[in-house]
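*Asks:* So the sequence lines, in the order shown, correspond to chains Y and U. For the first sequence, full-length UniProt numbering gives the first residue as 1, with consecutive numbering after it. For the second sequence, full-length UniProt numbering gives the first residue as 1, with consecutive numbering after it.
Just so you know, the hints here were simulated from the structure itself, not pulled from any lab data. Treat the hints with care, as some may be off.
A pair counts as met if it fits within one copy or between any two copies, since identical chains are not told apart.
Computed list of lysine-lysine pairs in BS3-like fashion (alpha-carbon distance at most 27 Å, straight line) [said to hold, decoys possible]:
(1) K62 to K397
(2) K187 to K145
(3) K397 to K290
(4) K106 to K434
(5) K326 to K267
(6) K18 to K171
(7) K434 to K397
There are 2 protein chains.
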Amino acid sequence: MKVCKFGGTSVASAEQIKKVANIIKSDATRRFVVVSAPGKRTSEDIKVTDLLIELANAVIQKQPFDEKIAKVVSRYEDNAIGLGLDHEICEIIELDLKARCEAALKQNDDAIMDSLKASGEDNNAKMIAAYFNSIGMLTRYVSPKEGLVVNDAPERTMAIAEAYEELSSLKDSQEIILFPGFFGYTKSGQLRTFDRGGSDITGAILSAAVGADLYENFTDVDCVFSANPKVVNNPAEIVEITYREMRELSYAGFSVFHDEALMPVVKQGIPVNIKNTNNPQAPGTRIVSKRVESKRPVTGISADSGFSILYVSKYLMNREIGFGRKLLQILEEENISYEHTPSGLDDISVIIRSFQLDDAKEERILQRVENELQADDVNFRHGFSMIVVVGEGMKYKTGLAASATAAISRTGANIEMINQGSSEVSLSFGVLEKYENVILKELYSEFFSAITV
Amino acid sequence: MKVCKFGGTSVASAEQIKKVANIIKSDATRRFVVVSAPGKRTSEDIKVTDLLIELANAVIQKQPFDEKIAKVVSRYEDNAIGLGLDHEICEIIELDLKARCEAALKQNDDAIMDSLKASGEDNNAKMIAAYFNSIGMLTRYVSPKEGLVVNDAPERTMAIAEAYEELSSLKDSQEIILFPGFFGYTKSGQLRTFDRGGSDITGAILSAAVGADLYENFTDVDCVFSANPKVVNNPAEIVEITYREMRELSYAGFSVFHDEALMPVVKQGIPVNIKNTNNPQAPGTRIVSKRVESKRPVTGISADSGFSILYVSKYLMNREIGFGRKLLQILEEENISYEHTPSGLDDISVIIRSFQLDDAKEERILQRVENELQADDVNFRHGFSMIVVVGEGMKYKTGLAASATAAISRTGANIEMINQGSSEVSLSFGVLEKYENVILKELYSEFFSAITV
Numbered sequence: 001m002k003v004c005k006f007g008g009t010s011v012a013s014a015e016q017i018k019k020v021a022n023i024i025k026s027d028a029t030r031r032f033v034v035v036s037a038p039g040k041r042t043s044e045d046i047k048v049t050d051l052l053i054e055l056a057n058a059v060i061q062k063q064p065f066d067e068k069i070a071k072v073v074s075r076y077e078d079n080a081i082g083l084g085l086d087h088e089i090c091e092i093i094e095l096d097l098k099a100r101c102e103a104a105l106k107q108n109d110d111a112i113m114d115s116l117k118a119s120g121e122d123n124n125a126k127m128i129a130a131y132f133n134s135i136g137m138l139t140r141y142v143s144p145k146e147g148l149v150v151n152d153a154p155e156r157t158m159a160i161a162e163a164y165e166e167l168s169s170l171k172d173s174q175e176i177i178l179f180p181g182f183f184g185y186t187k188s189g190q191l192r193t194f195d196r197g198g199s200d201i202t203g204a205i206l207s208a209a210v211g212a213d214l215y216e217n218f219t220d221v222d223c224v225f226s227a228n229p230k231v232v233n234n235p236a237e238i239v240e241i242t243y244r245e246m247r248e249l250s251y252a253g254f255s256v257f258h259d260e261a262l263m264p265v266v267k268q269g270i271p272v273n274i275k276n277t278n279n280p281q282a283p284g285t286r287i288v289s290k291r292v293e294s295k296r297p298v299t300g301i302s303a304d305s306g307f308s309i310l311y312v313s314k315y316l317m318n319r320e321i322g323f324g325r326k327l328l329q330i331l332e333e334e335n336i337s338y339e340h341t342p343s344g345l346d347d348i349s350v351i352i353r354s355f356q357l358d359d360a361k362e363e364r365i366l367q368r369v370e371n372e373l374q375a376d377d378v379n380f381r382h383g384f385s386m387i388v389v390v391g392e393g394m395k396y397k398t399g400l401a402a403s404a405t406a407a408i409s410r411t412g413a414n415i416e417m418i419n420q421g422s423s424e425v426s427l428s429f430g431v432l433e434k435y436e437n438v439i440l441k442e443l444y445s446e447f448f449s450a451i452t453v
Numbered sequence: 001m002k003v004c005k006f007g008g009t010s011v012a013s014a015e016q017i018k019k020v021a022n023i024i025k026s027d028a029t030r031r032f033v034v035v036s037a038p039g040k041r042t043s044e045d046i047k048v049t050d051l052l053i054e055l056a057n058a059v060i061q062k063q064p065f066d067e068k069i070a071k072v073v074s075r076y077e078d079n080a081i082g083l084g085l086d087h088e089i090c091e092i093i094e095l096d097l098k099a100r101c102e103a104a105l106k107q108n109d110d111a112i113m114d115s116l117k118a119s120g121e122d123n124n125a126k127m128i129a130a131y132f133n134s135i136g137m138l139t140r141y142v143s144p145k146e147g148l149v150v151n152d153a154p155e156r157t158m159a160i161a162e163a164y165e166e167l168s169s170l171k172d173s174q175e176i177i178l179f180p181g182f183f184g185y186t187k188s189g190q191l192r193t194f195d196r197g198g199s200d201i202t203g204a205i206l207s208a209a210v211g212a213d214l215y216e217n218f219t220d221v222d223c224v225f226s227a228n229p230k231v232v233n234n235p236a237e238i239v240e241i242t243y244r245e246m247r248e249l250s251y252a253g254f255s256v257f258h259d260e261a262l263m264p265v266v267k268q269g270i271p272v273n274i275k276n277t278n279n280p281q282a283p284g285t286r287i288v289s290k291r292v293e294s295k296r297p298v299t300g301i302s303a304d305s306g307f308s309i310l311y312v313s314k315y316l317m318n319r320e321i322g323f324g325r326k327l328l329q330i331l332e333e334e335n336i337s338y339e340h341t342p343s344g345l346d347d348i349s350v351i352i353r354s355f356q357l358d359d360a361k362e363e364r365i366l367q368r369v370e371n372e373l374q375a376d377d378v379n380f381r382h383g384f385s386m387i388v389v390v391g392e393g394m395k396y397k398t399g400l401a402a403s404a405t406a407a408i409s410r411t412g413a414n415i416e417m418i419n420q421g422s423s424e425v426s427l428s429f430g431v432l433e434k435y436e437n438v439i440l441k442e443l444y445s446e447f448f449s450a451i452t453v
């Protein structure tokens, strides 16, 4: 039993939706389909979700919005025509949108935005279900109202335990289940959308709820690459990768998946297969809990810029029980999360994503570290990149750190920070941003023996 | 103006004490002398401090102790004869010891032990002052009662701010000041001894109080070596080293100095010179706040065994603000200090000195991490060594991490953990204990190009 999720470009046009139908038809175990809102058909196109955001803003600002509804409906009409569907489905969608806009009078701005954005997935699911039925595939559109129960605001939207129980009954359905991604309902019936990667989350929740054997995630790329193809020329394709490796690589260049989305399947060990709607024969990339050892110790290399380093030194720091904890507490009170905390005996560096900082926050932190921790020296430095070399095989390979550091030193870059914990699944380096790309290329060529740009 | 501290072997015999006198005489700026209790004269000898501990135990257990007093006095008599002193000084010492034993009736066990142990330094100072005067060196024995004010029990003994004010007046003395190391008095007049390295602390406090230009610390070695001479054959001598480097090297093989002892001079930037009483012409090792750059990026390499790793992993750990802080809090509540916390995105390893752990503590920590932090995986592993490569010049040298990791990989050892913060004064590695010595040798040969055993 498989759950298949199709992203925006996979369901953007009639032509794409026909591919989806063929994919589902070609494998009887593909019994659950989760869809996004129609994405871009060409690079100049506008996503339906963006049209819906425009519409929602007009509604919120009490401006005329009929034309904006028409624009959205017209996108569905294009697809309906291409799919040979009755116009009836477009009328259903138009009425639904009008009903959402009318309901807006009694809703706050966030609820209006959520409701209209979610309509993109919801109405697309209805249309695709209609198409499946029209070509003889017995399909039932299921609304998230039927079981996808989420927590209440203001916490980040998450499915609660009940959702898994309620949705589990869907596994006995004789029909193909067509489920819109991206949103659920609170116990009191309030619609709430998930964060980034929302349809991926829905697919993962459904997979966990019905106990799927595989969660197929259809996108518009053949696979996940071992390094960012915008930097490294023709990087190797990753055939199999563990959840853990995928997570460690979740810096830039590996944005296929919003990592949090995988949580429900990780917990149950359900494998994920990233596949291409436009090339479904390609094996894609499998994300699994354990994988067979490959010859390459390194699975992937990722890099990301925009890091700052908070440096704190104090003579005899390591004698002071609680120093590190107090420092992290100060950051926590400023609501700052950190990546790593490499340390000497008398100093500690905290690696932080710079977007979390501003002048006032930095000043407060510096003051507190000086006054409360009596640090000898404390400062912020900015403009760093983090480079992460990832692979489950790294722990079995002596000399790997030597190869990595030698590759970096060949670029002439200084290594500002090195970090490798005892899991040994990743080795990370802090470097000045200007060296990021050249180091990524050099490391790639070191570990994948491929030609780089 | 210099403060000179002489360790136990430097003041163990009449012959040694004569060397001390010559050292002081040879430089008119050597105006303050801090002495330890008489140490071993031969490797089979017993330190006076150990004789005093035996005496104190007899007193505490209400056993006869006259013979034990006689044993201590006899050590001083040997020295008095060798130095050509009147027997009077020995009578003073004997009376002092008897008075301490009598006072014991009104004291608790800790106070008895402190008082008798401290008598070793105190009486040695009196005798050496008598000797200096006997050969025409105008000298005044000063008791720590005259200003070395320490905090009250039960906190670790430390000089309080008043001590520095009170002792500062000694700088105007026309006589050589002879000061016993190792102890001070609380405001209410209670004698308290310092922890390990006690006489070093007294010397540092006195140096800071009188604003010395140099704190000379006389021992029985010519210098500090760049690696443990018990492992590496003929390691290079360190001529100059910064406080920071000294601290980072304070793992095993660098036990010349108890690092905490340096605190008072570090704060004022007073340089320290480690010298050999038996070879005072040798330049020794200078510990300074800043040093001129040397050609070698690495100043020293130290290693120590007896480390454990607490490994914790949890999916999406790095999204959870406060995770690291809570983990450190659990350790803090078990009164455990840690060395480093290298981390991946979803795991963190805490490097801990194993002596702090026992089965019950480990069990409690594992339980709490599982229950309170909902970790996916948590375990302790034991039997690790830490190897630390230290040098202020390392930050200017690209490729240093590459050389170090390449050297380690040549030994066939796997690197369990790597840590380098942005101070870049040290680079540390966690390895299995069995590889410690072979790695130390290989790293030494990499960075010092010397022949190793």
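*Asks:* Look at each hint and say if it fits the structure.
*Replies:* Status of each hint after checking the structure:
1. K62 to K397: neither (63 Å within a copy, 63 Å between copies)
2. K187 to K145: Classified as within; 10 Å inside a copy, 75 Å across copies.
3. K397 to K290: Within one copy, since 18 Å is at most 27 Å while 40 Å is not.
4. K106 to K434: Neither. Shortest intra-copy (52 Å) and inter-copy (72 Å) distances fail the 27 Å Cα cut-off.
5. K326 to K267: between (32 Å within a copy, 23 Å between copies)
6. K18 to K171: within (25 Å within a copy, 94 Å between copies)
7. K434 to K397: between (30 Å within a copy, 18 Å between copies)
Hint compliance for this structure: hints 1, 4 are not met, and every other hint is.
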